[in-house]
Amino acid sequence: MTYTLAQISRIVQGGLKGNPDAVITDIAEIQNAKKGELSFLSNPKYTKFLETTGAEAILVPKDFKGEFKNLILVENPNYAFSLLIAKFRPRIPLPKPQIDPAASIAKTATVGKDIYIGPNVIIDDHVVIGDKTVLFGNIYIGKESTIGSAAVIYSNVSIYHRCQIGNDVIIHSGVVIGSDGYGFVRTEDGISKIPQEGGVVISDDVEIGANCAIDRGTLGNTVIGKGTKLDNFIQVAHNVKIGQYCFIAAQSGIAGSTQIADGVTIAGQVGIAGHLKVGKGAIIAAQSGISKDVPPGAIMFGYPAQEQSKARREIGNIRSIPDIKERLKIIARELEQLKQGK
Amino acid sequence: MTYTLAQISRIVQGGLKGNPDAVITDIAEIQNAKKGELSFLSNPKYTKFLETTGAEAILVPKDFKGEFKNLILVENPNYAFSLLIAKFRPRIPLPKPQIDPAASIAKTATVGKDIYIGPNVIIDDHVVIGDKTVLFGNIYIGKESTIGSAAVIYSNVSIYHRCQIGNDVIIHSGVVIGSDGYGFVRTEDGISKIPQEGGVVISDDVEIGANCAIDRGTLGNTVIGKGTKLDNFIQVAHNVKIGQYCFIAAQSGIAGSTQIADGVTIAGQVGIAGHLKVGKGAIIAAQSGISKDVPPGAIMFGYPAQEQSKARREIGNIRSIPDIKERLKIIARELEQLKQGK
Amino acid sequence: MTYTLAQISRIVQGGLKGNPDAVITDIAEIQNAKKGELSFLSNPKYTKFLETTGAEAILVPKDFKGEFKNLILVENPNYAFSLLIAKFRPRIPLPKPQIDPAASIAKTATVGKDIYIGPNVIIDDHVVIGDKTVLFGNIYIGKESTIGSAAVIYSNVSIYHRCQIGNDVIIHSGVVIGSDGYGFVRTEDGISKIPQEGGVVISDDVEIGANCAIDRGTLGNTVIGKGTKLDNFIQVAHNVKIGQYCFIAAQSGIAGSTQIADGVTIAGQVGIAGHLKVGKGAIIAAQSGISKDVPPGAIMFGYPAQEQSKARREIGNIRSIPDIKERLKIIARELEQLKQGK
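Chains as they are written, first to last, in my numbering: chain A, 78 to 419; chain B, 78 to 419; chain C, 78 to 419.
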């Protein structure tokens with residue numbers, strides 16, 4: 078596929094500065110782009126590559142100040158570029174509707190139209206699956222669980238009984254949904270298990286990265302809200318409620334019964350203790366340890382986490398200790414001189 | 078199912094304060110409980126909900142001081158409530174004994190009585206499985222491994238060769254047991270692998286959360302002691318020995334050859350370095366990094382971890398730096414005045 | 078199998094100090110070794126066991142100063158011992174070439190010679206697999222992916238479409254390769270997914286521990302260089318490039334587009350932010366949080382990480398705060414006395 082720059086600017090609804098007839102043959106990252114290729118610039122770290130890139134043209138933000146032979150100015154270069162990925166790199170299509178003879182589907186299960194079920198998929202009693210859903214191989218779906226329509230579930234996913242998966246949900250390989258919450262009581266003669274009889278609700282448009290684990294609730298449900306995106310290795314403990322359109326980056330964990338409001342951004346390797354509330358739109362920096370409620374809109378950082386500005390000041394304070402010691406030494410010397418002088 | 082409060086008090090062996098004829102139709106968390114529902118109170122954070130809950134009755138500790146229309150006083154409200162979950166929310170029963178025709182069972186394997194083996198389970202040569210054990214679908218069990226009786230292993234679990242799983246063990250989906258320990262030697266021309274020829278021993282009554290990984294020993298076994306409970310994503314490296322009745326919360330990792338004594342509690346996202354000893358009953362706070370032996374009964378916190386009281390004091394010290402600076406300024410000023418005065 | 082000490086010294090090409098006719102019947106860790114058993118000593122922490130071990134002989138480094146009845150002196154005791162593990166504890170051989178009838182292999186796939194494909198393995202269209210490769214059960218390999226020769230892939234591994242796995246690669250159970258990178262853009266009406274249409278390249282001689290996740294690139298490939306060894310639970314985000322012969326210990330994560338040079342050592346639970354460069358031979362201590370480029374050969378530690386020597390000094394500084402306060406008190410007192418004295 079090739080496009081002229083004029084065509085590209087129409088696809089991304091951007092303003093064109095340069096040659097509208099320039100021919101674009103592919104897309105590439107700015108540091109790697111060669112003649113004929115279109116790139117984008119959104120992270121300022123990459124601005125330096127403007128000097129060296131072989132790119133034919135670059136997508137930039139509307140307020141871009143730099144110079145380049147061919148520019149397309151857009152609201153969001155990242156988003157505009159993502160539209161072009163679909164044009165230049167058509168994905169391998171999802172498998173066509175078919176039910177593999179090596180799948181094990183209970184007679185009491187209800188399966189929608191135009192569905193793909195791969196080899197060795199196990200669908201247990203009373204499961205309901207919506208239309209156009211794709212289930213890759215080696216998946217297990219437990220009793221009475223429901224899957225919406227147009228969902229895509231990759232290989233080796235385990236969904237326990239009584240879980241509800243919404244429409245257009247994407248679940249990557251190795252994910253476990255509905256495993257028992259970690260509930261135990263120490264007793265005189267050992268440890269007693271607290272039954273975990275709630276379920277899990279995964280709302281529409283959620284994406285769950287590889288090897289995540291989302292435990293079932295004790296009585297009620299563990300819930301992930303509409304459009305929320307989980308990276309890989311996320312731990313979601315029992316009874317957690319996550320709001321809509323949140324980002325949670327890899328290897329973060331949320332302990333039992335914590336509530337995350339809408340639009341929260343959690344970076345990688347963050348830990349959030351149990352029974353807390355994280356307010357709407359809060360941002361939590363990587364590796365932070367959250368041990369208290371987080372107010373809406375707060376930016377948190379550190380272990381234990383504080384408001385980022387406070388945490389930063391604290392680091393500055395620590396780094397000023399050598400200076401404090403130096404000043405102490407000077408004062409002590411002057412004091413000594415004063416005493417001697419008397 | 079409905080019970081009178083008098084019946085409930087007998088089930089949980091608790092004292093009743095209120096109306097013995099009150100009818101309980103369900104159970105619920107205190108913040109959600111409605112008329113007719115019974116709840117419990119054990120975490121003091123939730124005491125505030127006493128004012129707003131619609132609950133008919135509440136399980137409280139024996140020394141509870143507050144007021145409510147109907148109370149049942151018990152040693153451990155958590156434990157008492159867990160007994161009631163089983164009454165009000167009977168779980169979906171485990172699958173009935175059956176061997177699915179889509180399982181692949183080696184002729185040399187020995188399988189007990191009253192066993193359930195789901196579709197696509199692979200049981201390799203010389204495996205032995207005890208009576209009443211349940212193996213959900215898509216499980217792999219390697220050569221010469223043994224599984225005890227009444228164990229429950231969920232879907233997509235991988236157990237390598239020569240691992241021993243005890244009685245009444247529960248293993249959640251995505252768990253890997255017996256993968257090679259991480260043993261390598263840098264050599265002149267690259268990296269050489271150290272063979273990992275020990276095994277893994279999972280003792281009776283252990284529960285292992287979703288997506289854990291427990292590596293096999295190099296020569297001897299990696300061992301998890303009786304009744305220990307692992308949350309999700311726990312990393313147990315080669316040659317680790319974990320004692321009895323420990324708790325290990327999600328995303329914690331224990332490096333090679335470390336020994337954890339009985340009754341230890343490890344919170345989430347903790348890292349414990351290799352070749353260490355953690356003493357009996359020690360408690361390690363979330364996200365701590367343990368780089369030295371931990372004495373019995375110690376409470377550890379921080380990165381690098383210290384005794385919690387020390388770590389807390391240290392945080393207090395850091396937060397006092399602005400005050401130190403302020404005092405330094407005042408002293409410097411006074412000193413200057415003194416010098417001037419001379 | 079038994080060997081004389083003279084035979085052992087020839088196998089490991091070491092110098093013998095002691096009785097060449099001593100008979101070695103097995104190998105064991107120094108703290109557990111009994112009569113007739115050979116052990117090794119490389120970690121100085123274990124030197125104390127020289128006093129108590131029942132070992133017949135011990136492998137030690139050439140410059141070893143201690144005394145013991147029978148010693149074999151070698152360059153690298155760890156490596157020498159690893160050669161003996163293979164002699165005394167022959168591993169269960171890999172399964173013999175065979176294609177299980179319960180595997181699902183696409184007609185368009187190309188499968189090499191002397192290959193083992195276990196039950197329920199799914200091999201999708203246009204996959205190519207080299208000679209002598211072993212695929213345990215319940216594996217999924219997506220369209221157009223290639224696997225080299227003499228690779229070993231354990232059960233329940235998921236490899237998405239268009240991934241390239243080299244020769245002699247070992248992939249442990251539960252690993253996911255080629256899942257979508259975590260790429261999204263917030264838009265006015267929610268969150269939009271950025272297509273992830275690159276692939277993954279796993280070079281020759283790489284080993285990947287249990288339950289790792291390696292995301293596919295956005296346009297280009299996520300790459301792991303020759304001979305690099307990943308422990309369990311490693312997160313490798315989209316577009317990451319890892320060099321040759323690196324070590325990455327358990328539960329570490331590398332965010333998108335970061336480049337790791339050759340010979341880097343990353344300890345456990347480390348987090349490395351996106352779009353960074355980690356220089357050749359750098360070492361990153363456990364639980365560190367890397368937020369800036371790391372120069373070649375640097376040793377980094379802390380959260381946020383600094384050069385280890387600096388981070389250590391900083392800890393020393395923090396621990397000197399009580400002393401600073403004490404000195405402040407003394408100075409204030411002396412100052413007061415001076416003022417009074419005037």
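Calculated directly from the structure, the hints in this document are not laboratory data. Treat the hints with care, since some could be wrong.
Identical copies look the same in the list; a pair holds intra-copy or inter-copy alike.
[Stated by the list, open to error] Pairs of lysine-lysine residues, derived as BS3-like cross-links and limited to a Cα-Cα distance of at most 30 Å, are as follows:
hint, residue 1, residue 2
1, Lys-190, Lys-354
2, Lys-139, Lys-94
3, Lys-164, Lys-303
4, Lys-402, Lys-173
5, Lys-369, Lys-318
6, Lys-402, Lys-387
7, Lys-303, Lys-142
8, Lys-406, Lys-184
9, Lys-387, Lys-354
10, Lys-184, Lys-209
11, Lys-354, Lys-142
12, Lys-111, Lys-318
13, Lys-125, Lys-369
14, Lys-112, Lys-416
15, Lys-209, Lys-220
16, Lys-406, Lys-122
17, Lys-369, Lys-142
18, Lys-125, Lys-94
19, Lys-209, Lys-111
Hints, verified against the model:
{"no.": "1", "hint": "Lys-190 to Lys-354", "verdict": "neither (41 Å within a copy, 49 Å between copies)"}
{"no.": "2", "hint": "Lys-139 to Lys-94", "verdict": "within (11 Å within a copy, 70 Å between copies)"}
{"no.": "3", "hint": "Lys-164 to Lys-303", "verdict": "within (27 Å within a copy, 33 Å between copies)"}
{"no.": "4", "hint": "Lys-402 to Lys-173", "verdict": "neither (71 Å within a copy, 70 Å between copies)"}
{"no.": "5", "hint": "Lys-369 to Lys-318", "verdict": "within (16 Å within a copy, 34 Å between copies)"}
{"no.": "6", "hint": "Lys-402 to Lys-387", "verdict": "both (23 Å within a copy, 16 Å between copies)"}
{"no.": "7", "hint": "Lys-303 to Lys-142", "verdict": "neither (37 Å within a copy, 42 Å between copies)"}
{"no.": "8", "hint": "Lys-406 to Lys-184", "verdict": "neither (83 Å within a copy, 81 Å between copies)"}
{"no.": "9", "hint": "Lys-387 to Lys-354", "verdict": "both (20 Å within a copy, 28 Å between copies)"}
{"no.": "10", "hint": "Lys-184 to Lys-209", "verdict": "both (20 Å within a copy, 25 Å between copies)"}
{"no.": "11", "hint": "Lys-354 to Lys-142", "verdict": "between (42 Å within a copy, 27 Å between copies)"}
{"no.": "12", "hint": "Lys-111 to Lys-318", "verdict": "between (47 Å within a copy, 20 Å between copies)"}
{"no.": "13", "hint": "Lys-125 to Lys-369", "verdict": "between (41 Å within a copy, 17 Å between copies)"}
{"no.": "14", "hint": "Lys-112 to Lys-416", "verdict": "neither (77 Å within a copy, 73 Å between copies)"}
{"no.": "15", "hint": "Lys-209 to Lys-220", "verdict": "both (21 Å within a copy, 20 Å between copies)"}
{"no.": "16", "hint": "Lys-406 to Lys-122", "verdict": "neither (42 Å within a copy, 40 Å between copies)"}
{"no.": "17", "hint": "Lys-369 to Lys-142", "verdict": "between (42 Å within a copy, 26 Å between copies)"}
{"no.": "18", "hint": "Lys-125 to Lys-94", "verdict": "within (20 Å within a copy, 62 Å between copies)"}
{"no.": "19", "hint": "Lys-209 to Lys-111", "verdict": "neither (39 Å within a copy, 39 Å between copies)"}
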